[in-house]
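Chemist: These are the residues of each chain, in order.
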Amino acid sequence: MIDENTVRHVARLARLRLEPEEEKVMQEELSGILEHIDAIRSMDLDGVPPTTHVLALENVLRADVPRPSLPREEALREADDVVDDSFGVPRMD
Amino acid sequence: MALRDLTAAEQVAALQAGETTSLELLDAHLAAVEADDVEAFLAIDADGARERARAIDALPDRPPLAGVPIAIKDALSTRDIVTTSGSRMLEGFRPVYTATCVQRLEDAGAIVVGKTNMDEFAMGSSTENSAYKNTLNPWDHQRVPGGSSGGSAASVAQRQVPWSLGSDTGGSIRQPAALCGIVGMKPTYGAISRYGLIAFASSLDQVGPFARTVEDAALLLRHMVGRDPMDSTSLDWPGEITLPTATDLAGLRVGVVEELMGEGIEPGVRAAVDASLKAIEDLGATVVPVSLPSALSGLATYYVLAPAECSSNLARFDGIRYGHPVPADNLLDQYEMTRGQLFGPEVKRRIMLGTFALASGYYDQYYGRAQRVRTLIVREFEAAFEGVDLLASPTSPTVAFPLGDRTADPYAMYLADVCTIPVSLAGLPAISIPCGLSEGLPVGLQLAGPAFSENRLFDAAHALEKALAFDTRPPGLTT
Chain A
1 MIDENTVRHV
11 ARLARLRLEP
21 EEEKVMQEEL
31 SGILEHIDAI
41 RSMDLDGVPP
51 TTHVLALENV
61 LRADVPRPSL
71 PREEALREAD
81 DVVDDSFGVP
91 RMD
Chain B
94 MALRDLTAAE
104 QVAALQAGET
114 TSLELLDAHL
124 AAVEADDVEA
134 FLAIDADGAR
144 ERARAIDALP
154 DRPPLAGVPI
164 AIKDALSTRD
174 IVTTSGSRML
184 EGFRPVYTAT
194 CVQRLEDAGA
204 IVVGKTNMDE
214 FAMGSSTENS
224 AYKNTLNPWD
234 HQRVPGGSSG
244 GSAASVAQRQ
254 VPWSLGSDTG
264 GSIRQPAALC
274 GIVGMKPTYG
284 AISRYGLIAF
294 ASSLDQVGPF
304 ARTVEDAALL
314 LRHMVGRDPM
324 DSTSLDWPGE
334 ITLPTATDLA
344 GLRVGVVEEL
354 MGEGIEPGVR
364 AAVDASLKAI
374 EDLGATVVPV
384 SLPSALSGLA
394 TYYVLAPAEC
404 SSNLARFDGI
414 RYGHPVPADN
424 LLDQYEMTRG
434 QLFGPEVKRR
444 IMLGTFALAS
454 GYYDQYYGRA
464 QRVRTLIVRE
474 FEAAFEGVDL
484 LASPTSPTVA
494 FPLGDRTADP
504 YAMYLADVCT
514 IPVSLAGLPA
524 ISIPCGLSEG
534 LPVGLQLAGP
544 AFSENRLFDA
554 AHALEKALAF
564 DTRPPGLTT
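Just so you know, the sequences run in chain order A and B.
Going by my numbering, the first sequence opens with residue 1, and the numbers climb by one from there.
Going by my numbering, the second sequence opens with residue 94, and the numbers climb by one from there.
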């Protein structure tokens, strides 16, 4: 069971604005899902390492050679707010 | 026979023989795409497709895929064709590049006709989480097509296209293929470049084909595998994907996953799967029971790991570089309001669940433990494949369920992927083929193999497909 404060804390971490009614539903639903997930908390996992990658791959490297990138006007074309060839955002405070 | 009844391989052959043109073939399919009786499509590019078909018809030599139409899941970026991943967050978004796998198919002569409906950001098992509309199951319009690649599955079952692309994170190709009575394949993790696939859970996501025959699925996969410099997780493919030819299964050892044949599997599904196991034996294979003790813990493990990864991958959606922000006076408010208003309920649920599982104080209990359970599952598959060549199970515990049946209970929806998730967690290839009917609705059989066993899987599935002779035409569909 997770409480209201945890829901608000997690929503803030996730940058999600939830309406008060949504918070309540979210609390109930997450608690319900976690009841099922909690089964893995009682499993015996002594000495079992975490999976990092399902296939053992070598690290992939490439030469650090400059190459053409996306033209600026294409990179900006889907943005709502373009200011001086840049993405516009509201002030931070 | 109508052009739409031809398999993709038959369409390639007809084009190469000069019996039809790409434009004629396209127009036959476009009529069904534009009518869209099952609401499979989110975007249709009729003019672009006709232009590409004419260009291929004008070539002196036809490329290998010869101008055969295809539909693409809306999670895959297509340059200048609106790509939403089923979300309001990307309403009207026109990518500036095409996904590598789509580009490879276009280079081989496939004609993209449009983009198919899906659960928002591929999170769901019924396509009802699409922000735009519900897709209908071609076998029964009151039922879901499965998901998340429901539009891609329905479009192939409905014969709007002979094949399509989907993406599979926990079962999103195999489960809708099962529910729509067609073939769906998830290849080995890393087989196909994900450059241009809108990411959901990067340790699991794979692109793969839908088709009405195993041969077509193999033909499509053949043109997509291999390393891509734009995706560091893509692999050099050992050898090549060959078209299946097996007519028997002599010498093959098939394990039946006991944990996935018990409680929770509908009796009608179990009966159809049992009948196909008998057919596998009749073809000369040995069928033995196999235990994967942690398989049923896969669901809980997945619902920690996939949300955790999605909470990170979906952090990029803020409405600033693409999409449309909800205006606010300061940046934090804008982020929170945009994400709060433009993500749908299931996406928010998963972001919350994943953020929780990664948060300080909970990480070790949830994410850390889930990664260790994943290791157990990987090891159990490795041990199983020491004794058998392939593993068999139902693809979905049930046949297609009625629209709206599970939308109020998130966990009931999650259970739809209980049979497909363990394979995903282990990064292994698996195929679902239609193996019979239960209450008039298709049942899927899942065959899984070790990493890189795609050719063996296709051969076994092909021989079985011929023996079962399942009719993929939904009742009442005229072409």
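It is worth saying that the hints were derived from the structure and are not from the lab.
Just so it is clear, CB atoms sit at the ideal spot from N, CA and C, and this is done for glycine as well.
Warning: the hint list may mix true and false statements.
To be verified - Now the stretches of chain B that chain A is said to cover, found in silico as 3 or more residues with beta-carbon under 8 Å:
hint, region
1, 230-241
2, 361-368
3, 551-565
Claimed, not checked - Simulated restraints, written as ranges between beta carbons of each label pair:
hint, chain 1, residue 1, chain 2, residue 2, range
4, A, G88, B, R472, 46 to 54 Å
5, A, S86, B, R147, 39 to 47 Å
6, A, P66, B, A560, 54 to 62 Å
7, B, T500, A, L13, 49 to 57 Å
8, A, G88, B, G355, 56 to 64 Å
9, B, P495, A, A75, 38 to 46 Å
10, A, A63, B, K559, 43 to 51 Å
11, A, A39, B, R409, 26 to 34 Å
12, B, A128, A, A63, 37 to 45 Å
13, A, A75, B, V419, 34 to 42 Å
14, A, L13, B, E479, 40 to 48 Å
15, A, P71, B, E333, 34 to 42 Å
16, B, G332, A, N59, 20 to 28 Å
17, B, E532, A, D46, 24 to 32 Å
Stated by the list, open to error - With the Cβ distance kept under 7 Å, some of the chain B side facing chain A (calculated, not the full set):
hint, residue
18, I174
19, Q196
20, L424
21, G454
22, Y455
23, T500
24, A505
Chemist: Does the interface hint hold: is B:Y455 within less than 7 Å of chain A, judged Cβ to Cβ?
Modeler: violated, 9 Å
Chemist: Is the hint on B:I174 kept, meaning its closest Cβ partner in chain A is under 7 Å away?
Modeler: Given a least distance of 13 Å, the restraint on B:I174 is violated.
Chemist: Three residues or more, CB to CB closer than 8 Å: is that satisfied between the region 551-565 of chain B and chain A?
Modeler: With 0 residues close enough to chain A, the hint is violated.
Chemist: Given the hint of 24 to 32 Å, is the C-beta distance from B:E532 to A:D46 inside that range or not?
Modeler: violated, 46 Å
Chemist: Do the numbers back the hint for B:A505, that is, is its least Cβ distance to chain A under 7 Å?
Modeler: With a minimum Cβ separation of about 10 Å from chain A (threshold 7 Å), the hint on B:A505 is violated.
Chemist: For the hint on B:Q196, does the least C-beta distance to chain A fall short of 7 Å?
Modeler: This hint is violated: B:Q196 lies away from chain A, its Cβ roughly 16 Å from the closest one there, beyond 7 Å.
Chemist: Verify the interface restraint on B:L424: the C-beta must sit less than 7 Å from at least one C-beta of chain A.
Modeler: holds, 5 Å
Chemist: Lying within 20 to 28 Å: is that true of the beta-carbon distance B:G332 to A:N59?
Modeler: holds, 24 Å
Chemist: Holds or violated: the 46 to 54 Å window for the beta-carbon distance between A:G88 and B:R472?
Modeler: holds, 51 Å
Chemist: Three or more residues of the region 230-241 of chain B near chain A by CB distance under 8 Å?
Modeler: With 0 residues in contact (Cβ-Cβ under 8 Å with chain A), the coverage given for the region 230-241 of chain B is violated.
Chemist: Per the CB criterion, is B:G454 less than 7 Å away from chain A?
Modeler: Result: violated, 10 Å to nearest chain A Cβ.
Chemist: If I claimed the Cβ atoms of A:L13 and B:E479 lie 40 to 48 Å apart, would that claim hold in this structure?
Modeler: For A:L13 and B:E479 the Cβ distance comes to about 43 Å; the hint holds.
Taken one by one, the earlier hints fail for this structure at numbers 1, 2, 3, 7, 12, 13, 17, 18, 19, 21, 22, 23, 24, listed in ascending order.
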